[in-house]
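Engineer: Residue numbers (UniProt numbering), protein chains in the order written: chain A, 1 to 320; chain B, 1 to 320; chain C, 1 to 320; chain D, 1 to 320.
Hints are computed from structural coordinates only; laboratory data are not their basis.
Quick caveat: nothing in here was measured; it's all calculated off a predicted structure.
Any given hint could be a false lead.
As the list claims (entries may be wrong) - DSBU-like, lysine-lysine: derived pairs with alpha carbons at most 35 Å apart:
#, chain 1, residue 1, chain 2, residue 2
1, B, K305, A, K255
2, D, K296, C, K255
3, C, K84, A, K184
Claimed, not checked - Covered stretches of chain C (in silico footprint by chain D; criterion: 3 or more residues with CB under 8 Å from a CB of chain D, positions within the stretch not fixed):
#, region
4, 200-209
5, 232-246
Virtual Cβ for every residue (Gly too), placed ideally from N, Cα, C.
Residues per chain, in single letters:
4 protein chains.
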Amino acid sequence: MSTRKEFLKNASLLGAGAMFIPKTLFSEPTDKSVITREPTGWSDGTRLIISISMQFEAGGEPEFGFDSPFPANLKTGFPDLPAKTWFTYGYKEGISRMLDLWDKHNIKVTSHVIGGAAQKSPDLTREIAKRGHEISGHGLYWTPEYAMSYEEEKKFIKDSVDLIKNITGQTTTGYNCNWLRRSKNTIKILQELGFTYHIDDLSRDEPFLIPVEGKKFVVVPYTLRCNDILLLEGRNFSSTQFLETLKLEFDQLYKEGATKKRMMSFSAHDRISGTPAQVNVMDQFLKYALQHEGVKVMRKDDIAKLTMNDKTSLIDPDYH
Amino acid sequence: MSTRKEFLKNASLLGAGAMFIPKTLFSEPTDKSVITREPTGWSDGTRLIISISMQFEAGGEPEFGFDSPFPANLKTGFPDLPAKTWFTYGYKEGISRMLDLWDKHNIKVTSHVIGGAAQKSPDLTREIAKRGHEISGHGLYWTPEYAMSYEEEKKFIKDSVDLIKNITGQTTTGYNCNWLRRSKNTIKILQELGFTYHIDDLSRDEPFLIPVEGKKFVVVPYTLRCNDILLLEGRNFSSTQFLETLKLEFDQLYKEGATKKRMMSFSAHDRISGTPAQVNVMDQFLKYALQHEGVKVMRKDDIAKLTMNDKTSLIDPDYH
Amino acid sequence: MSTRKEFLKNASLLGAGAMFIPKTLFSEPTDKSVITREPTGWSDGTRLIISISMQFEAGGEPEFGFDSPFPANLKTGFPDLPAKTWFTYGYKEGISRMLDLWDKHNIKVTSHVIGGAAQKSPDLTREIAKRGHEISGHGLYWTPEYAMSYEEEKKFIKDSVDLIKNITGQTTTGYNCNWLRRSKNTIKILQELGFTYHIDDLSRDEPFLIPVEGKKFVVVPYTLRCNDILLLEGRNFSSTQFLETLKLEFDQLYKEGATKKRMMSFSAHDRISGTPAQVNVMDQFLKYALQHEGVKVMRKDDIAKLTMNDKTSLIDPDYH
Amino acid sequence: MSTRKEFLKNASLLGAGAMFIPKTLFSEPTDKSVITREPTGWSDGTRLIISISMQFEAGGEPEFGFDSPFPANLKTGFPDLPAKTWFTYGYKEGISRMLDLWDKHNIKVTSHVIGGAAQKSPDLTREIAKRGHEISGHGLYWTPEYAMSYEEEKKFIKDSVDLIKNITGQTTTGYNCNWLRRSKNTIKILQELGFTYHIDDLSRDEPFLIPVEGKKFVVVPYTLRCNDILLLEGRNFSSTQFLETLKLEFDQLYKEGATKKRMMSFSAHDRISGTPAQVNVMDQFLKYALQHEGVKVMRKDDIAKLTMNDKTSLIDPDYH
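Whole structure, please, built from the sequences with the hints as guidance.
Structural biologist: Shown next, in the form of structure tokens:
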């Protein structure tokens with residue numbers, strides 16, 4: 001199988017719903033896919049998918065050792081009381097303000113919710129789902145999992161699934177590790193637990209399929225370039241710079257959407273983008289973007305379904 | 001008491017001037033307050049309150065170990081003479097320039113004054129009060145208090161009250177800890193000493209009540225997002241970025257002011273915002289904001305009175 | 001030889017193709033050249049040369065210890081999986097997007113390719129050459145060479161030449177060290193291996209000649225001021241700031257091009273400038289710049305030839 | 001002497017040329033001067049003085065241990081060759097470009113020249129003076145002097161005076177310490193050596209007098225807020241941000257110049273502001289500023305003379 005055409009033909013034989021990918025497809029050097037791809041697009045004619053991640057973490061932060069704008073020079077043993085209030089803003093003001101924004105533009109987002117945040121604010125978490133947004137996985141607590149053993153990590157993820165289900169009735173089918181840092185077992189565990197996608201990947205501007213234990217699994221790429229916490233907290237961007245960046249990204253991806261499947265991804269953390277200035281610029285961005293024809297904001301579980309069922313979806317057989 | 005309406009009814013029974021909050025009100029899960037609030041607003045029809053903190057610290061800085069734009073690579077034992085002049089600017093140019101700015105727009109601000117700054121510049125401190133601004137507490141010297149014992153901290157705060165009173169004749173009724181870092185006793189001590197509010201809180205965009213020893217105490221939230229020292233010194237914002245941020249915040253909060261009690265808070269430190277560029281952009285911001293109907297710049301002690309007497313003020317019973 | 005006129009006369013005697021520079025020319029104090037230069041320009045009437053460096057490094061990064069936007073707090077022994085995907089973007093999306101951009105403006109660039117990147121993505125590397133761009137040296141792997149011995153470094157560079165030639169058929173004639181850091185032997189080794197230019201120099205806004213073992217060698221200066229990785233990753237510039245900077249540089253150098261040989265240099269790293277926002281602003285910059293008369297984007301090997309053959313090229317005899 | 005009027009009367013008795021300041025004047029609390037000053041202005045009707053510091057340091061940098069944009073991770077014993085070229089740009093391109101800019105606007109600046117820079121580029125240093133700019137002191141080499149003994153420091157400064165005089169024929173009458181860091185003896189030594197002013201002070205927006213051994217000495221304040229190396233290298237400002245900042249500063253100080261003596265100070269270091277982008281924005285700023293009536297760019301030695309002879313100059317008796 002040496003040409004892209006044959007590759008695509010084989011992919012179409014798999015068709016909708018097919019879960020298994022023959023190993024013979026894995027010998028195709030992915031290198032070629034970068035430069036010799038046929039024009040393609042989203043099957044329903046969508047020009048550009050926008051995926052918004054409203055991260056709900058506040059309330060689930062640990063007692064000590066968390067990141068905040070406060071200097072880390074506190075004496076040992078003393079709680080950082082003002083830093084706590086900085087997180088509190090996330091669920092006292094932030095999430096509500098963003099929920100009203102999504103309603104204003106009649107769009108649905110994906111909210112990766114840390115178990116501890118849902119425990120602290122159960123009604124608010126239920127409200128997110130009630131308004132039509134997806135509740136997706138983000139760990140039980142604010143804990144790195146990349147160094148856990150297989151058993152530890154499986155329990156960690158399963159417990160977060162159960163906790164979200166108990167509180168909201170929602171079953172999470174997608175996952176986002178702390179700081180995107182997965183272990184070598186994470187994706188396998190997710191597959192075993194019935195998840196359909198993970199987001200801890202920055203390699204492409206479109207979702208793609210990977211083989212996990214011979215079955216298809218979706219990668220819905222995340223972003224650092226349009227990530228509010230990385231830009232505002234990490235790089236000292238102003239909200240104006242965040243807006244400029246979103247529009248530059250959008251304009252270019254919208255152009256490319258004429259001949260490629262394109263997806264734009266940005267994030268909005270409770271305490272970072274739930275602020276008046278950030279909601280203001282996201283409002284301006286959405287107003288700008290949604291006036292373009294063929295632009296659709298989608299929940300990630302829907303993006304994952306779309307990708308799973310699309311015969312022309314990219315497959316990355318080398319995935320680790 | 002399961003609905004918001006009943007909660008408000010009970011709050012109205014408390015009415016103006018009532019100091020005590022029955023414990024039964026504390027069982028209402030505050031979670032609900034975030035999403036099921038009835039439309040509300042300021043009792044006098046104000047659309048948006050703006051609270052300006054003109055922080056007067058220069059002159060009160062310690063001999064060694066203070067933050068400045070100078071590299072911290074000075075040999076031990078040598079005074080940082082140019083860094084000293086950077087602070088001096090705060091009281092030789094900064095405060096006067098800002099006082100003229102507030103006069104230009106006919107507004108009153110709250111100045112949190114460190115005891116040592118008042119000692120160094122008594123006439124200037126008196127002038128702040130003479131021009132109608134509130135002198136509020138900011139500690140005796142530039143010292144963290146979160147690790148003090150109850151007795152130490154009470155003496156520290158009381159000494160600062162006495163010092164300000166001796167120099168200016170003003171009684172401080174509000175307080176701002178060094179770096180917002182309070183101890184577990186701070187609010188209790190403030191209540192005991194007759195203070196009515198503290199500002200070391202970032203959790204909301206409106207002032208609110210908390211129970212302290214069964215009596216009402218006001219929290220007038222501060223800001224990091226519109227904090228000049230955090231943005232200009234900590235995040236390398238230019239004055240232009242500061243202005244953009246203030247306007248974005250204002251526009252969104254003004255919108256929300258149609259159905260919520262909203263307060264915008266920004267700070268202006270003597271040596272940071274007393275510069276020509278910063279006074280220029282604050283001038284532009286005030287010109288922009290004050291042309292909107294229903295916008296009122298208020299001293300924090302007045303905001304605290306307003307909040308204390310308003311039957312519909314938020315109460316946060318979980319406060320720590 | 002005390003005047004510039006005599007210096008130039010002697011230079012013209014050397015003429016095109018002459019390789020040797022008499023030692024007597026080296027006694028001219030270069031200090032004078034800075035202020036007493038006669039008006040000059042590019043021999044073909046070009047007003048401003050633009051040199052673009054599309055750096056292809058991703059895929060050649062080491063297993064551990066590389067720079068990325070991710071915090072460096074990973075436990076020892078665990079691979080940074082998300083950081084890997086950040087590099088992957090460089091060859092899955094970045095290079096292709098930039099190749100399409102150069103085609104859109106019908107320009108040719110120089111791509112400094114790390115050996116390991118070519119090994120990982122051989123088809124993509126061939127595609128860069130196929131589209132008319134220069135493949136230039138950037139080391140075998142992502143390794144500092146400034147502390148290598150003469151033999152080590154010569155093998156390191158020669159191996160990279162061979163690897164690029166095997167994969168692409170191209171012979172690299174220019175070189176860029178890791179972080180510009182050359183050893184005291186680098187230029188000598190490059191000369192011995194048949195290279196004609198190196199770029200690890202920030203001293204001028206035009207290419208110039210240096211004597212290496214009595215023969216002419218070209219320096220095509222690189223830039224930090226218009227370097228995408230230094231500005232975006234190192235200084236937290238937004239893409240908008242990058243565009244503003246490029247235009248300010250361009251306007252001033254274009255002005256100077258009336259009476260001097262001027263060259264503008266900027267860089268575009270695979271994973272940094274292959275993003276939608278960066279390609280968008282480079283697109284805007286090229287559209288702006290190329291509408292000016294006398295502006296030419298050139299490959300560095302062509303700039304080196306032009307400089308080698310121009311009798312009025314600056315010679316820096318003091319070079320170390 | 002309790003009122004400002006009497007203070008001024010006494011100052012006028014001192015008049016032009018008077019060198020001695022009676023101790024009785026030192027008892028006036030300077031605190032009052034901040035808020036009760038009579039309207040004043042420059043004696044010749046100038047509305048705003050602009051002082052530009054073109055710092056010439058490159059070539060005088062030490063072999064090891066200097067600041068540059070390059071990471072400081074070089075192995076011990078190896079010279080940082082590319083970093084050296086970054087400094088070289090300062091005297092190969094930077095100073096000339098700026099000299100042409102000052103000529104374009106027909107203005108004179110003050111160039112604080114490190115002895116080592118003058119040694120490396122004697123013709124260029126002479127050219128600075130030839131074009132009408134002031135050569136002012138900046139130390140013999142790139143060395144901190146605040147920890148030197150009285151004798152060491154006096155020799156250090158005197159040697160720099162002699163070196164500059166030998167190379168340029170100019171006598172330096174002003175001084176700028178490395179990183180503004182003076183010792184407790186610096187000003188005394190400067191007075192003894194015949195200097196008339198120093199600039200290592202950030203406390204005011206106008207020059208002022210201080211008593212040194214009973215004689216008048218001038219402080220011509222420097223700036224960090226409009227300091228190119230602090231803003232561009234230290235705070236990652238873009239040139240656009242630098243221009244915005246200069247204009248904001250100018251507009252406010254120009255306004256204040258109606259009733260106060262006002263001076264605006266900004267710096268331009270050889271390798272930082274000698275770039276095309278920086279010269280471009282300084283060009284734009286000068287074009288903007290100089291179209292305002294009453295704006296004058298002045299050398300610091302002339303500002304010092306003006307201040308020394310003006311009977312209404314501020315006197316700061318507390319100076320340390």
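Engineer: Compare the structure with each hint and give your call.
Structural biologist: Going through the hints against the structure:
With a C-alpha separation of about 56 Å, the suggested pairing of B:K305 with A:K255 is violated against the 35 Å cut-off. Distance check on the hinted pair: D:K296 and C:K255 sit about 27 Å apart at the alpha-carbon level, within 35 Å; holds. For the hint linking C:K84 to A:K184, the alpha-carbon distance of about 13 Å falls within 35 Å, and the restraint holds. Check result for the region 200-209 of chain C against chain D: holds, 6 residues qualifying (beta carbon to beta carbon below 8 Å, three or more required).
Coverage of a stretch by a chain is defined here by at least three residues with a beta carbon nearer than 8 Å to that chain's beta carbons; for the region 232-246 of chain C and chain D the count is 7, and the condition holds.
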